[in-house]
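Heads up: the sequence shown is residues 414 to 755, going by our numbering.
If you're looking for bench data, these hints aren't it; they were derived computationally from the structure. Built from N, CA and C at the ideal position, the CB exists for glycine as well. Hints are supplied without guarantee of correctness; some may be wrong.
[What the hints assert, rightly or not] DEER-style ranges, computed between Cβ atoms: (1) E457 <-> E549: 35 to 43 Å; (2) S575 <-> E457: 33 to 41 Å; (3) E672 <-> D583: 49 to 57 Å; (4) E461 <-> S432: 32 to 40 Å; (5) S593 <-> E431: 19 to 27 Å.
[Said to hold, decoys possible] Here are the simulated BS3-like pairs of lysine-lysine, each with C-alpha atoms no more than 25 Å apart in a straight line: (6) K620 <-> K674; (7) K616 <-> K568; (8) K620 <-> K568; (9) K620 <-> K517.
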Amino acid sequence: MSDISFEYNVPVFAGAPESGTDPVHRDTPSYETLDWETTKMGVETAEELGFDAAWAPDHLMLGRDHAEYECWTLLSAIAGFTDDINVGSLVLCNDYRNPALVAKMAATLDVISGGRLELGLGAGWHEPEYDAYGWEYRGGFERLMRLDESIRLMKRMWDAGSDGASFDGDHYHIEDAYCSPSPVQDPHPPILVGGQGEDVTLKLVAKHADVWNTDVFNGDVETLEHKISVIEDHCETVGRDPDDIIYSWDGHVICTRDEEKLDRLLDLMLPIQFEEEYQDQANIETEADAREFFVMGTPEECAEAIERRIDAGVTKFQGWFVDFPDTDGMELFADEVIPQFD
414 MSDISFEYNV PVFAGAPESG TDPVHRDTPS YETLDWETTK MGVETAEELG
464 FDAAWAPDHL MLGRDHAEYE CWTLLSAIAG FTDDINVGSL VLCNDYRNPA
514 LVAKMAATLD VISGGRLELG LGAGWHEPEY DAYGWEYRGG FERLMRLDES
564 IRLMKRMWDA GSDGASFDGD HYHIEDAYCS PSPVQDPHPP ILVGGQGEDV
614 TLKLVAKHAD VWNTDVFNGD VETLEHKISV IEDHCETVGR DPDDIIYSWD
664 GHVICTRDEE KLDRLLDLML PIQFEEEYQD QANIETEADA REFFVMGTPE
714 ECAEAIERRI DAGVTKFQGW FVDFPDTDGM ELFADEVIPQ FD
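Turn these sequences into a full structure, and let the hints steer you where they fit.
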């Protein structure tokens, strides 16, 4: 069990409703107003409690009043005020930054953090952000092909180091691009790829990723087992050992012995409101639905939910503690759940 890791998703936006008619964001339903000291306190608490990593999503305006911290700036700040906890993007949108620059940024952050970066990458999906910030929103297949090319370009830059790298692809071109100093981690920071499309995305996972990330849409055990089997089939096709890939679960955690608190949080969150792009991915309306997708309940029930996902192949758990900024759930989880998997 020592290979099981428990990790913290950083509340980068507030999701609590301002009034009874406002929507609630499922990731931070109890966080009323975005505040740096509060967000920072959550990371510091997670490190003190022994969580292995702190992850930040890469969005720009999802939160209440459209307030949200930018991912890479936040990760750099976290690396500066922590000592042991890893930092990672869950996941960096490929279209928001030039991949050659991302390779350089990743190398720098890996160096200054002492090798604590985990680089999560995705093709992007939230079209309103593209429109608002002036990026071109391409078709899904093209976005995935750009991600494939970006990962190959980044690896070439990291491999070349002080020698300079060139790459001439369909979407990106670099010539004598230097990436020095090189990342501390050899051969590079672990690459996490997020996504669920079985024909293309999961094949990219098989080709390139050290870690596959699922999310609330695929967080039930049956779907996890199916998606992992698809990745394993793709590994056979591309000639890769499936044991080289780590499987991660990214989802919501409610850890409490207080039944009233559990009911209050579920009443606040349910039915889960998904963005338009994902409304057909999952149907989470009742407590029974939530128990299929969440890690929730008493510490014993949380441990059982984790054990079922371990049996499916997951070894990395990235949790949104939905009672935040209350840290009681995180503390109870660290005290009574994590030790069961040491």
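Return the numbers of the hints above that this structure violates; sort them in rising order.
5 and 6
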